[in-house]
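**Student:** Residue-level listing of the chains:
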Amino acid sequence: MLFGLLTGRMDAVASAALEGAGDAVDLCLGIAGAICLWSGLMELMRRSGLMDGLSRLLRPVLIRLFPESEKIPGALDALSINVSANLLGLGNAATPAGIKAAKLLRGEGEAGGGLVRLVVLNTASVQLIPATVCALRASAGARQPFDILPAVWLASAFSVTAGLIAERILRRFFK
Amino acid sequence: MSIIIPALLFGAAAIALLKKTDVFAALTAGAKDGLSVILGIFPALVGILTAARMFRASGAMDALTALIAPVLSFVGIPAETAPLMLVRPLSGSGAMAAASEIITRYGADSFVGRCAAVMLGSTETTFYVIAVYFGAAGIKRSRHTVPSALIADAVGFLAAALFSRLFFPG
Numbered sequence: 000m001l002f003g004l005l006t007g008r009m010d011a012v013a014s015a016a017l018e019g020a021g022d023a024v025d026l027c028l029g030i031a032g033a034i035c036l037w038s039g040l041m042e043l044m045r046r047s048g049l050m051d052g053l054s055r056l057l058r059p060v061l062i063r064l065f066p067e068s069e070k071i072p073g074a075l076d077a078l079s080i081n082v083s084a085n086l087l088g089l090g091n092a093a094t095p096a097g098i099k100a101a102k103l104l105r106g107e108g109e110a111g112g113g114l115v116r117l118v119v120l121n122t123a124s125v126q127l128i129p130a131t132v133c134a135l136r137a138s139a140g141a142r143q144p145f146d147i148l149p150a151v152w153l154a155s156a157f158s159v160t161a162g163l164i165a166e167r168i169l170r171r172f173f174k
Numbered sequence: 000m001s002i003i004i005p006a007l008l009f010g011a012a013a014i015a016l017l018k019k020t021d022v023f024a025a026l027t028a029g030a031k032d033g034l035s036v037i038l039g040i041f042p043a044l045v046g047i048l049t050a051a052r053m054f055r056a057s058g059a060m061d062a063l064t065a066l067i068a069p070v071l072s073f074v075g076i077p078a079e080t081a082p083l084m085l086v087r088p089l090s091g092s093g094a095m096a097a098a099s100e101i102i103t104r105y106g107a108d109s110f111v112g113r114c115a116a117v118m119l120g121s122t123e124t125t126f127y128v129i130a131v132y133f134g135a136a137g138i139k140r141s142r143h144t145v146p147s148a149l150i151a152d153a154v155g156f157l158a159a160a161l162f163s164r165l166f167f168p169g
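For the protein sequence lines, the chains are A and B, in the order given.
If you count the first sequence from 1, position 5 lands on 4 in numbering that gives the first Met the number 0, and the numbers rise without skipping.
If you count the second sequence from 1, position 22 lands on 21 in numbering that gives the first Met the number 0, and the numbers rise without skipping.
Please keep in mind that the hints were generated in silico from the structure rather than gathered at the bench.
Take the hints with a grain of salt, since some may be wrong.
As the list claims (entries may be wrong) - In silico DMTMM-like pairs for lysine to aspartate or glutamate, Cα to Cα no more than 20 Å straight-line: (1) B:Lys19 to A:Asp146; (2) A:Lys102 to A:Asp76; (3) B:Lys18 to A:Glu18; (4) B:Lys31 to B:Asp21.
As the list claims (entries may be wrong) - Simulated coverage check for chain B against chain A, where a stretch passes if three residues somewhere in it have a Cβ under 8 Å from a Cβ of chain A: (5) 29–43; (6) 68–79.
What you are looking at is a predicted structure, and each value in this text was computed from that prediction instead of being measured.
Glycine included, every Cβ here is placed at the ideal spot set by N, Cα and C.
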């Protein structure tokens, strides 16, 4: 607003406000179909037990990442459900399991290393197929909405790895 | 890449049938969830997209972009994605709005548009996740969580720019 006054572009700013509100309708309608289809597919995967299979596959990896979880009953289950739901993009299933794991992994009143690693894992996206992003691209007229997948996977992998390495290094400086 | 989605649709349906899951009921129940997600983010999108458009029309966006462009171009990130990177850790619907603005403005198949999509797809709403988890676990001192998570975001953005460039030259 202030910037618009200074630069004398108030007319443009006023019409931009209305256009922006219209954009929101276009955006939501543009991706609604794809989002609904995708949510449907994910629900199908959850009900048919694919998510449970994936979480069993993840257990050996997670034991190495969270060695303390072996001693806490239920922690590894909650962790593997959290990570497999994140991989599939099932936010609704990932958060309750993640919170359960967080409660099991917490230290005395402050975050222990395992809890920090869990949160870092959840703040870095590990989703295999970012459906919303692809729906956005499709509604903007991308020739192949899914052609960004390899780039997304590699960027995610770099991001998660960097977060976990940073956790290991920074741990010493935050007592 | 195009094989992945049809294969996934087909595979999921086949496995569900083998396990005697009601495919259509699961599909429609999930789709209903999807609809409530859309309805849930719509009010926020109206606000954010309006603000974003006004910000751009006022010229403030160009000024901000010009200000940080030298730093970003030094590390290989297109300056046009600056608004997305700023809101990404703070607001999920804000980031979606910012990315959608960039993608429609520069084109879905342009380098900038692709880079924005990869950035959005490979990062999360960091501060929201931290608040939810530590709030639920009743933890006050987050210690090194915030710096570690922000380093992950920064590396994600760098890698998004790098791989968008590598995979889609020209």
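**Student:** In ascending order, which of the hints set out earlier in this document are inconsistent with the structure?
**Tutor:** 1, 3 and 6
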